[in-house]
Amino acid sequence: MPGKFPALDELVPPHIRRIEPYIPSKPDAVLKEMYGCSELYRLNNNENALGPTVAAFKAIKNFDPVQAAIYPSGDAYFLRCRLGERFGLSPEAFLVGNGANEVIAFVINAFCQKDDNIITADKTFAVYEWVAEFSGFEAKLIPLKDYGFDDQAMLAAIDEHTKIVFVCNPNNPTGTYWSKERLQAFLDNIDGRTIVVVDEAYAEFVEAPDFPNCMQLIKDYPNLVAFRTFSKMFGLAALRIGYLAGSLEVVDVIRRTCVVYSVNALAQAAALATLTDADEHMAKTRAMVREAREYLTRELARHNIPFIAGEGSYVIICLPMSDTLIYRKLMRLGYMVRTMTGFRFPNHIRVTLQSLPVMEGFIKALIEVLKK
Amino acid sequence: MSRMTTELSTTLIPEMLPVVTGFAEQAGRVFGLGRERQLKLVLAVEELFIFLSRQDERKSTMRVTCRNGGYYIELACLFPMHVLHASAFNITAKVSPDDDTSLDEMGLLLAARAVDRLDVVRENREFLELRLVVEKEYPQVIAEVAPLAVNGRYVVQAAGNEMFKQFAQRITGAYGKNAPAFFAYPGKIVDMVASGEYDAVLAIDKQGHVGGGIFWRQTGKMIEFFGPYIFVGQEGLAQAVSDQALIKLARTQALCMVNLQPTTEVPQDYFETLGEIAITVGGINNEEKVKHQVLYRQLEEDNGAKVFVHPEIAVFMQDCYDLLVLPRTLLTADYAGEAMPEHSAFSVALDWPRQQAFLSVLAVGQDAPDNLKEHIVFLRKEGIVNLFFYLDVGKEEEALLVPALLATGFTPRLVLPWGGYGDLVLFQHGEVI
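So the sequence lines, in the order shown, correspond to chains W and R. The opening position of the first sequence corresponds to residue 3 in my numbering, with each subsequent residue numbered one higher. The opening position of the second sequence corresponds to residue 6 in my numbering, with each subsequent residue numbered one higher.
Simulated from the structure, these hints should not be mistaken for lab results. All figures in this text were calculated on a predicted structure; none of them were measured in a lab. Just so it is clear, CB atoms sit at the ideal spot from N, CA and C, and this is done for glycine as well. Honestly, I wouldn't trust all of these hints.
[To be verified] Capping the alpha-carbon separation at 35 Å, the derived lysine-lysine pairs in DSBU-like fashion look like this:
1) 116/W x 253/R
2) 34/W x 311/R
3) 331/W x 311/R
4) 311/R x 400/R
[What the hints assert, rightly or not] If you anchor each label on the Cβ, the simulated ranges turn out as follows:
5) 194/W x 257/R: 33 to 41 Å
6) 257/R x 53/W: 31 to 39 Å
7) 184/W x 12/R: 53 to 61 Å
8) 126/R x 140/W: 30 to 38 Å
9) 335/R x 186/W: 53 to 61 Å
10) 21/W x 343/R: 34 to 42 Å
11) 73/W x 12/R: 47 to 55 Å
Turn these sequences into a full structure, and let the hints guide you.
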């Protein structure tokens, strides 16, 4: 006999009912068929076109299938040790997660309780806001100022229920960043009242000399938590691995909400290998991104198309029309971009900086769809 | 008191009628319905309860929920699916004074007539819900409002109740019958926004004058928006309010926006044209047909979908999708003599003030052509001049209704992507534009 339909009205909490499930893109093969394009250039997720580092590539290739039957290290032991060596911190200062998104949830769950809030910007990476809201906490969204996080407005918004302030540095999608001096002033002002999370998913792309190194600042600011990922610069997006670093006391609290065994053995092996040739890979990737940015911004300016270009591996393009329509038109030509309405930038698209030939093809396609 | 609900659970037997009508009357009163409208609600629930209790031999339990929607009261009756067979939902059931059985079936018709809206919703696999909506009464205000300073600076900012009222009055003054009738009731606009079902973005100057704005209603994944309405010559104002509306909607449940009656101020290229419909406005003696482009915008990336298309509208559908650059796999769906339930059933969303009705499918059955004809005759007789049908092509079985729709005088006008479970095809009854 079939079971009774669950009383969803009563079972689902109100804050979950309000949330729209995130529906990821379909696989490339399906999209290509849908849009009738033979090639699809992924300029939507800021993936590294150069792929993983040489050492990580080898580690993935040489991964012993027998290991698939054995549980991974539950807390990425060797990787944490290696991270500790690289950044001069204790291995216990790190928590590794199944992508940086998972560690966002760890932090929020560790510090927030009923009636608490978090503070972030309105036009930034959406996951801080989403995780807070589907966990039942308020996300106070501070408007960007000149496309950057507004430190003074964020400080003013802190109240007795504020537990965490999230700063995306450099900001995704605008590419603006806080200098070391500005971040330190902000942390001084907070003076330990809240946890300050600095999401450095794109930090490895930044070449500006005044960009802060949070791994060093952690020693001076025990309320500072830094997020990093292997998905962007290090090309391990498919393996889902990221980490956070903080003072031992703060990380010890976050560890209590941490899901152990969530990072698979292949991801740990690839990340560990990445750290052996990370610097070389960063130099190559930075050169590719720099060249792509220079080309793209020059071409956009030449065609009088406004843009927002800062740090990071992406550029925002301002359009005279709906970004979702442009998305569909570009897809037909084989270029997948990120629409920015969801980032609260209607009529904008974000484009991943890639190799020059792909950028050249993209510009050609963009000009073509804008002409129609 | 807004958003409050009260609930009653009762066995479906005629003896419980006074309990149910008493509940409806008291809930209506407490939630702010005037005496006349309380009685409308009581009459509707009375007819409905008698009707259902006569239908149900198993003496099932019905849950009655009365909800204060701010500008309306909704009385929702949730009961097991077996209480009614499909044909009983059709408010057009044939009625003969000599036939007691057909008199029984008048219940839904009488209930529908008494209220402002009647919707039938299939709640899940086991339950159906009939929702009766009676709107509250508001004074109509068509007063002159002070002219706006030509050199004012209007910026998008948070608005209070008085701003919403001013917005409504300026719309009535500047757009007249080209704007929805509810703007003639400024107090209602305030309650509509407070209900959470509607929202707005207004541009206001330092003195509190409203220079323009955009208004919308969210239903599931879809936003129906009205405007933008602009009362001053400030450059870029329509764009500013449209941008802010998009920002406000960016991380909500909404997938798309549609405007059935756009103004001339809609910013160029912000929206895509889905097609054109003709709306009849005015009373019997001053009827007028007004053509509108229907505008649309997706709020998320479209990753494609499969749609079920009957061969008779396949060319139309393909043209629509080509125009919209929408990735759709068209799967042919055609009736080939397979077993089909005897009875069809249609849900009718009635909007008496606008003399408008939107039909949609509850069940596909063999009697669909006759059933559709009866709906058309009935609704026309009731004064409905704008008659539409939403066909959900995300559902395989609905495609089979296309021949019946075409044969009864419906014409496909446009495709509304993601308007339902999948895309909706909007059919309009009557002469082709």
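Now the hints, each set against the structure:
1. 116/W x 253/R: holds, 25 Å
2. 34/W x 311/R: Between residue 34/W and residue 311/R the Cα gap is close to 15 Å, so the pair holds against 35 Å.
3. 331/W x 311/R: The hint holds at about 19 Å.
4. 311/R x 400/R: holds, 10 Å
5. 194/W x 257/R: 33 to 41 Å: holds, 35 Å
6. 257/R x 53/W: 31 to 39 Å: holds, 36 Å
7. 184/W x 12/R: 53 to 61 Å: holds, 55 Å
8. 126/R x 140/W: 30 to 38 Å: With a Cβ separation near 32 Å, residue 126/R and residue 140/W satisfy 30 to 38 Å, so the hint holds.
9. 335/R x 186/W: 53 to 61 Å: The hint (53 to 61 Å, Cβ to Cβ) holds, given that residue 335/R and residue 186/W are roughly 59 Å apart.
10. 21/W x 343/R: 34 to 42 Å: Holds - the Cβ-Cβ distance for residue 21/W and residue 343/R, about 40 Å, lies within 34 to 42 Å.
11. 73/W x 12/R: 47 to 55 Å: holds, 50 Å
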